[in-house]
Amino acid sequence: MKVKAQAKNQEAALTHLDRLEAEAIYIIREVAAECEKPVMLYSIGKDSSVMLHLAMKAFYPEKPPFPFMHIDTTWKFREMIEFRDRKARELGIDMIVHTNRQGAEEGINPFDHGANYTDIMKTQALKEGLDKYGFDAAFGGGRRDEEKSRAKERVFSFRNENHAWDPKNQKPEMWKLYNTRINKGESMRVFPLSNWTEKDIWQYIRKENIDIVPLYYAKERPVVYREDNIVMVDDDRMRFEPGEEVVNRKVRFRTLGCYPLTGGIESEAETLDEIIEETLGAVSSERTSRVIDQEAAGSMERRKREGYF
Amino acid sequence: MKSLLKFITCGSVDDGKSTLIGHMLYDAKLLFADQEKALELDSKIGSRGGDIDYSLLLDGLMAEREQGITIDVAYRYFTTDDRSFIVADTPGHEQYTRNMAVGASFADLAVILVDASKGVISQTKRHARICSLMGIRHMVLAVNKMDLIDYDEEAFSNIRRDFEMFLSTFTDVEATVIPVSATEGDNITENSSNTPWYDGPSLLTYLEDADLTKDEGEVPFVMPVQRVSRPGNHFRGFQGQIESGQIRPGDEVLTLPSRERASVKSLLVTDEEVGEGVAGQPVTVQLDREVDVSRGNVLTNTDLPVTDRFTASLLWMDDEPLTEGKNFLVKAGTKTIPGTVVAIHYKTDINIGNQIKVSRGEKNELLTIEVVTAERSVFDTFRSNETLGGFILIDRVTNSTAASGVIEETIQRSPNTVWEDTSVTRDLRAGQKGQNPVTLWFTGLSGSGKSTLASEVEEQLVREGYHTMLLDGDNVRHGLNGDLGFDPGDRFENIRRVAEVSRLMNEAGLITLTSFISPYRTDREKAKGIIGEAFVEVYVSTPLQVCEERDVKGLYKKARTGKISDFTGVSAPYEPPVNPDVEIDTTDVPLEVAVNNVLKEIRKYLE
Numbered sequence: 001m002k003v004k005a006q007a008k009n010q011e012a013a014l015t016h017l018d019r020l021e022a023e024a025i026y027i028i029r030e031v032a033a034e035c036e037k038p039v040m041l042y043s044i045g046k047d048s049s050v051m052l053h054l055a056m057k058a059f060y061p062e063k064p065p066f067p068f069m070h071i072d073t074t075w076k077f078r079e080m081i082e083f084r085d086r087k088a089r090e091l092g093i094d095m096i097v098h099t100n101r102q103g104a105e106e107g108i109n110p111f112d113h114g115a116n117y118t119d120i121m122k123t124q125a126l127k128e129g130l131d132k133y134g135f136d137a138a139f140g141g142g143r144r145d146e147e148k149s150r151a152k153e154r155v156f157s158f159r160n161e162n163h164a165w166d167p168k169n170q171k172p173e174m175w176k177l178y179n180t181r182i183n184k185g186e187s188m189r190v191f192p193l194s195n196w197t198e199k200d201i202w203q204y205i206r207k208e209n210i211d212i213v214p215l216y217y218a219k220e221r222p223v224v225y226r227e228d229n230i231v232m233v234d235d236d237r238m239r240f241e242p243g244e245e246v247v248n249r250k251v252r253f254r255t256l257g258c259y260p261l262t263g264g265i266e267s268e269a270e271t272l273d274e275i276i277e278e279t280l281g282a283v284s285s286e287r288t289s290r291v292i293d294q295e296a297a298g299s300m301e302r303r304k305r306e307g308y309f
Numbered sequence: 001m002k003s004l005l006k007f008i009t010c011g012s013v014d015d016g017k018s019t020l021i022g023h024m025l026y027d028a029k030l031l032f033a034d035q036e037k038a039l040e041l042d043s044k045i046g047s048r049g050g051d052i053d054y055s056l057l058l059d060g061l062m063a064e065r066e067q068g069i070t071i072d073v074a075y076r077y078f079t080t081d082d083r084s085f086i087v088a089d090t091p092g093h094e095q096y097t098r099n100m101a102v103g104a105s106f107a108d109l110a111v112i113l114v115d116a117s118k119g120v121i122s123q124t125k126r127h128a129r130i131c132s133l134m135g136i137r138h139m140v141l142a143v144n145k146m147d148l149i150d151y152d153e154e155a156f157s158n159i160r161r162d163f164e165m166f167l168s169t170f171t172d173v174e175a176t177v178i179p180v181s182a183t184e185g186d187n188i189t190e191n192s193s194n195t196p197w198y199d200g201p202s203l204l205t206y207l208e209d210a211d212l213t214k215d216e217g218e219v220p221f222v223m224p225v226q227r228v229s230r231p232g233n234h235f236r237g238f239q240g241q242i243e244s245g246q247i248r249p250g251d252e253v254l255t256l257p258s259r260e261r262a263s264v265k266s267l268l269v270t271d272e273e274v275g276e277g278v279a280g281q282p283v284t285v286q287l288d289r290e291v292d293v294s295r296g297n298v299l300t301n302t303d304l305p306v307t308d309r310f311t312a313s314l315l316w317m318d319d320e321p322l323t324e325g326k327n328f329l330v331k332a333g334t335k336t337i338p339g340t341v342v343a344i345h346y347k348t349d350i351n352i353g354n355q356i357k358v359s360r361g362e363k364n365e366l367l368t369i370e371v372v373t374a375e376r377s378v379f380d381t382f383r384s385n386e387t388l389g390g391f392i393l394i395d396r397v398t399n400s401t402a403a404s405g406v407i408e409e410t411i412q413r414s415p416n417t418v419w420e421d422t423s424v425t426r427d428l429r430a431g432q433k434g435q436n437p438v439t440l441w442f443t444g445l446s447g448s449g450k451s452t453l454a455s456e457v458e459e460q461l462v463r464e465g466y467h468t469m470l471l472d473g474d475n476v477r478h479g480l481n482g483d484l485g486f487d488p489g490d491r492f493e494n495i496r497r498v499a500e501v502s503r504l505m506n507e508a509g510l511i512t513l514t515s516f517i518s519p520y521r522t523d524r525e526k527a528k529g530i531i532g533e534a535f536v537e538v539y540v541s542t543p544l545q546v547c548e549e550r551d552v553k554g555l556y557k558k559a560r561t562g563k564i565s566d567f568t569g570v571s572a573p574y575e576p577p578v579n580p581d582v583e584i585d586t587t588d589v590p591l592e593v594a595v596n597n598v599l600k601e602i603r604k605y606l607e
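Going down the list, the sequences are from chains R and X.
Mind the numbering: the first sequence is residues 1 to 309 in the UniProt record's numbering, read in order.
Mind the numbering: the second sequence is residues 1 to 607 in the UniProt record's numbering, read in order.
Rather than coming from a laboratory, the hints here were simulated on the basis of the structure.
Where hints are given, some of them may not hold.
Unchecked claim - Which residues of chain X face chain R? A partial, calculated answer using Cβ under 7 Å: (1) 2; (2) 231; (3) 295; (4) 317; (5) 401; (6) 466.
What the hints assert, rightly or not - The list that follows gives simulated cross-link-like pairs (lysine-lysine, DSS-like), each with its CA atoms no further than 25 Å apart: (7) 363(X) x 176(R); (8) 176(R) x 37(R); (9) 2(X) x 57(R).
Unchecked claim - Footprint (simulated), chain R over chain X, 3 or more residues, beta carbon under 8 Å: (10) 76 to 85; (11) 98 to 107; (12) 275 to 287; (13) 331 to 343.
Note that the Cβ used here is the ideal one computed from N, Cα and C, for glycine as well.
Start from the sequences, fold in the hints, and give me the full structure.
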């Protein structure tokens with residue numbers, strides 16, 4: 001009788017985080033086994049750090065059997081770039097860095113070019129990078145709890161030859177029987193963290209002791225207050241609005257991106273526990289600190305249809 | 001740490017699924033402040049009046065918000081003091097049934113909504129059937145809009161009775177029925193004073209407490225191999241997720257289908273060497289000897305069925321109907337192999353559950369079918385093993401996921417009788433090509449335009465995806481019938497052979513087009529006798545005078561001057577068909593018009 005009780009329902013004995021980890025690893029292994037030329041997109045943020053960690057665990061003692069790619073807009077926080085290069089070196093993984101050269105040469109920047117900047121330096125650069133190497137599947141760290149249109153996206157999300165998403169015509173995704181078949185020219189985005197919440201990410205980072213960019217921890221940093229956002233002055237390319245002045249404030253970032261477009265929050269959270277404490281009691285969902293997202297409702301879906309990750 | 005419950009909400013459109021979940025999150029204080037603010041803001045500018053429209057939290061796609069309906073599954077995440085939840089909110093419209101099924105395959109428990117004023121309707125039954133098919137064993141019927149029927153206990157009891165009666169035919173499903181109002185919030189997070197006669201739990205309380213453990217006793221160790229990892233010569237590990245049971249270093253495992261035995265040398269759960277791995281964990285298993293195992297094979301400690309044949313229940317999800325003989329990629333566990341639906345036995349009526357004999361399946365139908373795969377693999381019934389018993393069918397041309405199904409029975413056969421006990425039939429081959437094989441027999445004078453027509457018609461058919469073969473003088477007279485001349489005896493033999501070849505082509509599932517003068521009525525009747533029902537006579541009735549004026553090959557001139565003998569129309573008779581299936585005169589008709597006319601006429605024979 002004792003054996004029976006033990007054998008019963010072991011899956012339920014796994015914790016919430018165990019099950020999320022197992023699901024993500026299963027997905028990552030499926031892609032490695034079934035796709036011809038996968039790549040893992042690496043944005044240097046906390047979700048990417050978790051995804052990279054999962055990829056290392058999924059194949060151990062083998063290294064992940066695919067390269068990583070960072071789309072560098074040239075406007076990322078300097079600490080992010082240092083972190084990226086250090087991680088790639090420490091882990092011995094193949095890290096491709098791709099920049100839209102033409103955009104960079106034409107001086108496309110977040111101050112003068114607004115939404116076009118995002119399109120040219122992120123969306124177009126991503127398409128260009130994927131096409132250049134002929135990747136048929138790209139892992140992304142997107143989570144369904146981030147935004148309403150993501151909440152409806154499949155784990156394996158298909159893109160036509162123009163990298164566009166057709167939300168009305170998604171393939172059925174049954175159990176964990178992922179259909180990875182695509183036609184020539186089409187590609188897949190794969191989101192192993194689909195079912196993770198921001199809280200899960202932080203708890204997992206703590207449990208696994210995952211290294212993250214120091215910008216996530218509160219520290220005195222030079223910032224300006226701009227409308228409802230706190231923007232960090234990361235280098236001398238920063239442009240100021242009339243009347244703005246640089247002040248030192250103890251801030252941290254909940255998401256990381258291009259520094260002029262990333263809003264920080266005032267915080268005292270210097271440790272992971274303090275960050276989690278703050279996040280659990282968070283009063284706003286994390287995407288509001290990404291400046292470009294504060295457009296009309298549905299802007300994320302529209303950008304995704306056009307190929308934004 | 002908390003446990004995780006994955007559940008879905010389903011039910012007909014306008015039953016208030018999105019509102020129910022939205023209200024639950026709102027009441028349980030599980031929204032972020034900006035989501036709450038956006039919700040209140042969206043509700044104000046929305047057309048549904050000033051009240052909070054809780055469904056706006058969930059209906060995420062622009063198309064959905066415009067149409068006010070939910071077309072795809074939305075996933076929401078929340079955690080209470082007792083449990084973590086993932087809820088898949090599924091669409092109610094019948095046309096989006098497949099998206100509902102996606103949610104059902106993901107979940108452990110289903111909350112099915114009904115409108116209290118309407119009761120259990122066919123969509124309720126459809127969803128309950130699909131939930132059951134996809135393996136959901138716990139269902140909650142949330143009788144919504146109780147406020148609209150003044151919280152009438154009797155009406156509620158009637159609905160509960162209907163639902164329980166309906167479910168009584170299902171094996172192994174536990175049901176709970178709760179009266180709620182999604183807009184008013186009754187019995188959502190706490191018991192409502194509006195239903196004093198109801199003494200069960202509120203919906204959220206039920207979800208927090210639901211015990212989903214399956215008492216299955218001792219279960220075997222099963223691990224489908226996802227990939228073989230060999231970073232160097234010293235290491236060869238089989239990676240996969242343990243689907244049931246447990247394993248320890250030193251345990252003996254059986255490899256399937258290769259049927260070798262080996263012992264576990266070392267065991268990794270992710271990147272950690274461990275003394276035991278249990279169900280749900282991702283592992284890398286090293287064995288103590290070389291075995292023949294690759295992706296799609298299974299490591300186990302029990303004997304599982306290895307077969308190339310099974311019967312299954314499935315939900316057909318493709319716009320194109322399913323026909324017998326159609327070939328797919330079958331994915332079950334981690335194995336993807338070609339397979340053919342060799343038989344469609346029947347469909348299950350959504351309402352009453354009876355079985356109706358059919359030979360094709362339409363979108364959203366529940367079908368019972370038989371599948372034969374190209375090679376033997378590990379399959380099991382869904383009842384005993386959800387991982388090796390659940391499968392999808394992938395269309396090999398469009399790559400769409402055309403169906404999802406569960407294996408009811410695996411069929412074992414002795415290894416040497418492949419195909420013998422059910423020989424491949426004409427219908428099977430035709431079904432594989434998705435067409436009705438016929439012979440389009442073009443007859444008419446030389447120069448009447450039959451070869452041009454036949455070849456243009458064939459081109460059009462191929463463009464539309466049909467599989468065809470054109471037989472005409474050029475490819476027959478030079479080869480197969482190279483030994484024949486033009487006297488009546490040889491002409492007869494020529495037509496007989498063409499008819500036999502046409503029949504074989506039809507047997508092979510092909511649409512055959514033949515283009516021969518075939519002047520004698522008796523010859524054509526003979527051909528019809530050989531070809532059978534599939535014979536379609538296409539008479540190209542262009543008059544002799546027109547044919548002779550065209551005289552493309554100069555043959556009429558030669559016949560008139562006696563250089564060719566036995567020339568049909570000049571020195572040999574042409575006996576026109578008495579009652580042709582299709583007749584076309586190409587005089588003064590542009591080619592594309594003539595082709596279109598023929599195509600229009602032959603359509604009905606291709607259905």
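Here's how the hints hold up against the structure:
no.: 1; hint: 2; in the structure: holds (5 Å)
no.: 2; hint: 231; in the structure: holds (4 Å)
no.: 3; hint: 295; in the structure: holds (5 Å)
no.: 4; hint: 317; in the structure: holds (6 Å)
no.: 5; hint: 401; in the structure: holds (5 Å)
no.: 6; hint: 466; in the structure: violated (21 Å)
no.: 7; hint: 363(X) x 176(R); in the structure: holds (22 Å)
no.: 8; hint: 176(R) x 37(R); in the structure: holds (21 Å)
no.: 9; hint: 2(X) x 57(R); in the structure: holds (23 Å)
no.: 10; hint: 76 to 85; in the structure: holds (count 4)
no.: 11; hint: 98 to 107; in the structure: holds (count 6)
no.: 12; hint: 275 to 287; in the structure: holds (count 6)
no.: 13; hint: 331 to 343; in the structure: holds (count 4)
Violated hint: 6 only; the structure is consistent with all others.
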